[in-house]
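There are 2 protein chains.
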Amino acid sequence: MSRSSSISGFPELLPQQRLVEQRFIAALERVFELNGFSSINTRAIEPMDQLLRKGETSKEVYVLRRLQADADGSSDSGLGLHFDLTVPFARYVLENAGQLQFPFRRYQIQPCWRGERPQEGRFREFWQADIDIVDRDELSPHYEIEVPLVVAEAFAALPLPPMTMHANNRKLCQGFFKGLGLADPMAAIQLMDKRDKVGPDVLADLLRKELGASEEQARLCLAFAQICTDDSSFAERVRELGVEDPMLDEGLAELTAVIEGVRAVEPGLIKADMSIARGLDYYTGTVYETFMSGYERLGSVCSGGRYDELAANNKYRFPGVGMSVGLSRILVPLLDDGVVAASRDVPTCVLVALPDVDSRPDCEALARKLRARGIATQVAPAAQKYGKQIRFAQRRTIPFVVFPDAEGGEPQVRDIRNGEQVAFDPQTWQPPSEDLWPQLEHSGS
Amino acid sequence: MSRSSSISGFPELLPQQRLVEQRFIAALERVFELNGFSSINTRAIEPMDQLLRKGETSKEVYVLRRLQADADGSSDSGLGLHFDLTVPFARYVLENAGQLQFPFRRYQIQPCWRGERPQEGRFREFWQADIDIVDRDELSPHYEIEVPLVVAEAFAALPLPPMTMHANNRKLCQGFFKGLGLADPMAAIQLMDKRDKVGPDVLADLLRKELGASEEQARLCLAFAQICTDDSSFAERVRELGVEDPMLDEGLAELTAVIEGVRAVEPGLIKADMSIARGLDYYTGTVYETFMSGYERLGSVCSGGRYDELAANNKYRFPGVGMSVGLSRILVPLLDDGVVAASRDVPTCVLVALPDVDSRPDCEALARKLRARGIATQVAPAAQKYGKQIRFAQRRTIPFVVFPDAEGGEPQVRDIRNGEQVAFDPQTWQPPSEDLWPQLEHSGS
Numbered sequence: 019m020s021r022s023s024s025i026s027g028f029p030e031l032l033p034q035q036r037l038v039e040q041r042f043i044a045a046l047e048r049v050f051e052l053n054g055f056s057s058i059n060t061r062a063i064e065p066m067d068q069l070l071r072k073g074e075t076s077k078e079v080y081v082l083r084r085l086q087a088d089a090d091g092s093s094d095s096g097l098g099l100h101f102d103l104t105v106p107f108a109r110y111v112l113e114n115a116g117q118l119q120f121p122f123r124r125y126q127i128q129p130c131w132r133g134e135r136p137q138e139g140r141f142r143e144f145w146q147a148d149i150d151i152v153d154r155d156e157l158s159p160h161y162e163i164e165v166p167l168v169v170a171e172a173f174a175a176l177p178l179p180p181m182t183m184h185a186n187n188r189k190l191c192q193g194f195f196k197g198l199g200l201a202d203p204m205a206a207i208q209l210m211d212k213r214d215k216v217g218p219d220v221l222a223d224l225l226r227k228e229l230g231a232s233e234e235q236a237r238l239c240l241a242f243a244q245i246c247t248d249d250s251s252f253a254e255r256v257r258e259l260g261v262e263d264p265m266l267d268e269g270l271a272e273l274t275a276v277i278e279g280v281r282a283v284e285p286g287l288i289k290a291d292m293s294i295a296r297g298l299d300y301y302t303g304t305v306y307e308t309f310m311s312g313y314e315r316l317g318s319v320c321s322g323g324r325y326d327e328l329a330a331n332n333k334y335r336f337p338g339v340g341m342s343v344g345l346s347r348i349l350v351p352l353l354d355d356g357v358v359a360a361s362r363d364v365p366t367c368v369l370v371a372l373p374d375v376d377s378r379p380d381c382e383a384l385a386r387k388l389r390a391r392g393i394a395t396q397v398a399p400a401a402q403k404y405g406k407q408i409r410f411a412q413r414r415t416i417p418f419v420v421f422p423d424a425e426g427g428e429p430q431v432r433d434i435r436n437g438e439q440v441a442f443d444p445q446t447w448q449p450p451s452e453d454l455w456p457q458l459e460h461s462g463s
Numbered sequence: 019m020s021r022s023s024s025i026s027g028f029p030e031l032l033p034q035q036r037l038v039e040q041r042f043i044a045a046l047e048r049v050f051e052l053n054g055f056s057s058i059n060t061r062a063i064e065p066m067d068q069l070l071r072k073g074e075t076s077k078e079v080y081v082l083r084r085l086q087a088d089a090d091g092s093s094d095s096g097l098g099l100h101f102d103l104t105v106p107f108a109r110y111v112l113e114n115a116g117q118l119q120f121p122f123r124r125y126q127i128q129p130c131w132r133g134e135r136p137q138e139g140r141f142r143e144f145w146q147a148d149i150d151i152v153d154r155d156e157l158s159p160h161y162e163i164e165v166p167l168v169v170a171e172a173f174a175a176l177p178l179p180p181m182t183m184h185a186n187n188r189k190l191c192q193g194f195f196k197g198l199g200l201a202d203p204m205a206a207i208q209l210m211d212k213r214d215k216v217g218p219d220v221l222a223d224l225l226r227k228e229l230g231a232s233e234e235q236a237r238l239c240l241a242f243a244q245i246c247t248d249d250s251s252f253a254e255r256v257r258e259l260g261v262e263d264p265m266l267d268e269g270l271a272e273l274t275a276v277i278e279g280v281r282a283v284e285p286g287l288i289k290a291d292m293s294i295a296r297g298l299d300y301y302t303g304t305v306y307e308t309f310m311s312g313y314e315r316l317g318s319v320c321s322g323g324r325y326d327e328l329a330a331n332n333k334y335r336f337p338g339v340g341m342s343v344g345l346s347r348i349l350v351p352l353l354d355d356g357v358v359a360a361s362r363d364v365p366t367c368v369l370v371a372l373p374d375v376d377s378r379p380d381c382e383a384l385a386r387k388l389r390a391r392g393i394a395t396q397v398a399p400a401a402q403k404y405g406k407q408i409r410f411a412q413r414r415t416i417p418f419v420v421f422p423d424a425e426g427g428e429p430q431v432r433d434i435r436n437g438e439q440v441a442f443d444p445q446t447w448q449p450p451s452e453d454l455w456p457q458l459e460h461s462g463s
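Residue numbers (the working numbering), protein chains in the order written: chain A, 19 to 463; chain B, 19 to 463.
Remember, identical chains collapse to one label, so a pair may be satisfied in a single copy or spanning two.
Okay, derived cross-link-like pairs now, DSS-like style, lysine-lysine, Cα gap no bigger than 30 Å in a straight line: (1) Lys215 / Lys227; (2) Lys403 / Lys387; (3) Lys333 / Lys403; (4) Lys289 / Lys387; (5) Lys406 / Lys333; (6) Lys289 / Lys196.
Bear in mind the hints are in silico, worked out from the structure with no lab data behind them.
Hey, can you work out the whole structure from these sequences and the hints?
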């Protein structure tokens with residue numbers, strides 16, 4: 019593993035890995051903006067009462083204190099680092115509701131912090147890339163089709179292993195457990211979310227012990243969670259379990275629309291999967307998880323859903339639907355495995371060789387001419403022998419070296435990968451377009 | 019002031035302001051990469067002993083604690099948020115020295131945190147954009163000319179008021195105060211740094227009381243600090259003060275080389291200014307400050323210098339030179355004053371109008387065709403009357419609306435700024451290049 023991690027859970031990338039991360043982020047930004055999403059950044063900190071509104075993650079929050087707070091008697095306690103981008107976004111929407119245009123389409127790419135135990139793909143500092151569409155009072159259901167399609171378009175722009183989305187619907191689950199006669203459907207959903215961790219036997223046990231489910235109810239819960247289809251046939255299979263409830267009907271209809279809507283544009287992208295629960299309690303409609311082929315062990319790398327009650331003030335509520343791409347969770351394992359790389363290690367396309375110390379101003383002037391034409395150029399650090407200057411470029415994988423005084427004092431440029439050397443005019447020479455800037459590459463064997 | 023600031027000192031931008039910030043950052047990144055600088059990101063947190071190595075800012079550090087640390091008996095104390103990007107960079111260089119290529123050119127654009135009292139241009143969370151060049155053991159002095167030129171190139175790529183850099187040299191100051199006979203030259207430098215705050219009279223007083231300077235020594239210190247020239251004539255004016263010291267000679271020669279080197283490329287950019295001190299004790303050569311015309315009250319908006327001893331391990335030392343652009347300090351006041359803006363509020367270039375609900379899949383397909391050609395497009399949220407759909411675009415300053423069924427069912431596109439409407443083919447229609455993406459604009463009157 020090449021990245022440094024002197025403090026566990028806080029990964030840092032080497033410059034050539036960071037180049038990959040930058041290209042990843044740029045590709046996401048481009049796709050999100052092509053789809054009309056505006057970027058926002060929120061401050062890293064939130065009031066603790068905002069962060070603790072939801073129970074589950076509260077214990078993982080990093081709390082802040084000013085070192086001088088002790089000395090001057092004041093206190094910043096009550097502030098913590100955000101652990102996701104959804105809570106800050108909800109707060110941002112409420113604070114700026116009067117100045118935003120609804121439906122508001124936003125993306126947000128920032129680090130988040132959680133004090134949980136680090137493991138593969140799970141860090142204490144990690145980058146998320148979120149998109150959400152929120153509206154005022156009512157949110158049209160077609161956005162539940164659009165959001166996963168935008169995310170899929172972003173994934174397709176990157177050299178990633180295949181991604182599969184799994185969707186479910188909160189009303190469908192809640193209606194099913196209610197229709198089944200379980201007293202606390204939300205508790206059932208949160209239990210079902212542990213299915214992958216504990217396995218079906220323990221889960222059945224928990225359903226009986228914690229929720230007072232009968233053998234038959236537990237059996238039907240497990241049968242329900244096993245339903246997973248590529249198309250809308252899941253609805254029939256759920257109905258075959260014989261449970262009836264109006265909320266179940268509503269959820270089945272909503273999920274059918276999402277699965278069919280996505281399938282019409284991207285066949286094979288999304289499955290209806292009754293085992294997907296999403297423990298967080300703010301989802302009210304469709305929920306999504308995404309798995310990366312060959313990296314299923316990482317769990318979901320992109321999750322989200324529809325929430326109708328996350329943000330509300332005295333006048334309005336702001337329902338929304340969004341997905342959150344686990345940028346670090348995806349990227350760091352792929353970098354560790356050498357699956358993605360950049361076509362070179364540095365932005366520099368051209369090294370201008372330095373014939374002697376006194377030529378530096380002329381060489382810098384030549385470099386400026388190339389930069390003015392959008393070609394990344396630096397001048398060699400010292401007037402060493404040309405062999406040494408070429409090795410300087412090779413070690414950094416800079417593809418081209420310009421010799422200002424090559425043939426009879428005329429400049430030439432060498433592609434140091436194949437040794438080809440030709441006459442050089444700084445006003446007209448152009449590198450092949452794939453060499454202009456580092457490119458993302460799938461380097462898996 | 020349009021940005022929200024529900025917690026003082028933690029500014030947040032509206033989406034249209036964030037668009038400006040994004041374009042700012044993209045312009046900086048591009049210029050830095052054109053000059054062969056590699057991006058790195060460091061984690062937001064550092065061990066407290068790293069953060070407290072320098073005295074002055076220690077009291078402003080935000081200390082972290084995991085909320086559950088109390089419960090599980092463990093502790094994360096000993097971690098704090100970084101207050102600049104220099105300390106993390108020095109640590110990064112040491113940790114990764116074996117895997118970096120020297121001289122190492124890096125840029126780094128990230129938020130920093132300081133618990134100091136917020137005021138105009140000074141925030142508790144603020145973005146910095148740093149460039150540095152570090153080498154192993156020896157750093158060639160020509161980088162002290164290169165770094166301010168790269169920063170000036172970045173400023174020139176942005177719609178900013180004119181910037182003026184002021185440079186001094188730590189050896190020059192130290193040599194001057196030593197040659198003058200002051201016992202503690204570093205203490206004198208730190209006192210001189212307060213000159214702007216306290217004024218010359220109080221400063222003279224402090225020099226006498228705190229450093230035991232005589233009337234004549236204090237007078238010469240003040241005369242020294244008043245020397246400020248556009249060219250290398252400062253050296254003669256310093257010599258006229260009659261102070262002699264070998265380190266002063268060295269500093270005069272170094273600063274002369276920097277001033278003349280920068281002046282040869284960018285006349286008028288840089289001044290030699292003996293009043294520039296930079297309180298931080300790690301600088302050992304050239305120091306820089308930068309002032310924005312009309313915004314001198316913000317203080318320096320881009321500072322830096324040469325440091326020979328910031329990073330060292332058992333085998334090597336890593337001298338460097340860098341400058342730090344105060345991105346938030348520059349941008350937030352300009353946004354507040356309406357001096358910079360983007361040419362529109364959202365990334366979207368085209369709104370596809372929705373004739374009726376059933377047309378959504380067709381309209382989305384049309385939008386995908388435009389997006390595939392790099393044109394940011396979204397579909398109207400609802401099949402309202404076209405007048406309403408046009409107003410939807412107007413409120414967001416989306417320049418073009420496509421009507422899929424305009425004339426005899428054939429699509430047309432309207433520039434809603436001038437009402438011009440023409441036939442539309444999604445495979446060939448192209449917006450004017452200045453409309454493709456939002457552009458940065460200087461909107462000052």
